[in-house]
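Student: Going by the working numbering, 768 is the number at position 18 of the sequence shown; the sequence numbering is gapless.
Be careful, since some hints might not be right.
Taking CB as the label site, the calculated pair distances span [as the list claims (entries may be wrong)]:
hint	residue 1	residue 2	range
1	E802	Q847	14 to 22 Å
2	E799	V837	12 to 20 Å
3	Q847	P794	24 to 32 Å
4	T812	R867	17 to 25 Å
5	G851	G815	28 to 36 Å
Everything labelled a hint here was simulated from the structure, so no lab data went into it. Beta carbons: idealized from backbone N, C-alpha and C, even for Gly.
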Amino acid sequence: MKIRRTVAAIAATLLPVVTAGTGQAAGAAAYECTANHMCAYAWPGGDGERIELLFAVEDLGTWKGGVLNDQISSGWNRSPFPFCFYVDSQYRGERYQSAPGSSGWFPHNDAYSSIKRGSC
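Given the sequences, and given the hints that come with them, work out the whole structure.
Tutor: Take a look at the structure:
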């Protein structure tokens with residue numbers, strides 16, 4: 751009986767730790783991004799699902815089940831390189847270039863399907 755109570759006490763202590771890590775913490779800063787990366791976000795203002803890139807993603811439809819394909823609304827380029835966002839996979843279609851150090855809303859809202867480092 752004592753063992754069951756100990757296990758139950760440990761489980762009750764760990765449960766809040768596990769569930770607290772499943773989503774974005776309340777009050778977390780928008781535009782969270784690792785230095786030297788290009789970050790793109792599903793929501794305006796640097797919120798929601800994000801991708802952090804050093805180089806490229808040829809088809810956002812294949813990244814994490816397509817969660818960001820045609821869903822990117824904003825970004826922060828913390829890299830020293832420009833990044834080009836394309837409305838079609840395989841780096842095709844209309845595009846938008848994010849300059850080094852830039853952040854904010856992107857044109858072609860919710861339309862990007864591929865991203866690569868370099869000028870458009």
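Student: It remains to establish, for every hint, whether it holds in the given structure.
Tutor: Going through the hints against the structure:
1. E802 x Q847: 14 to 22 Å: Cβ of E802 to Cβ of Q847: about 18 Å, so the range 14 to 22 Å holds.
2. E799 x V837: 12 to 20 Å: With a Cβ separation near 18 Å, E799 and V837 satisfy 12 to 20 Å, so the hint holds.
3. Q847 x P794: 24 to 32 Å: Violated - the Cβ-Cβ distance for Q847 and P794, about 19 Å, lies outside 24 to 32 Å.
4. T812 x R867: 17 to 25 Å: Holds: the Cβ-Cβ distance is about 18 Å, inside 17 to 25 Å.
5. G851 x G815: 28 to 36 Å: holds (31 Å)
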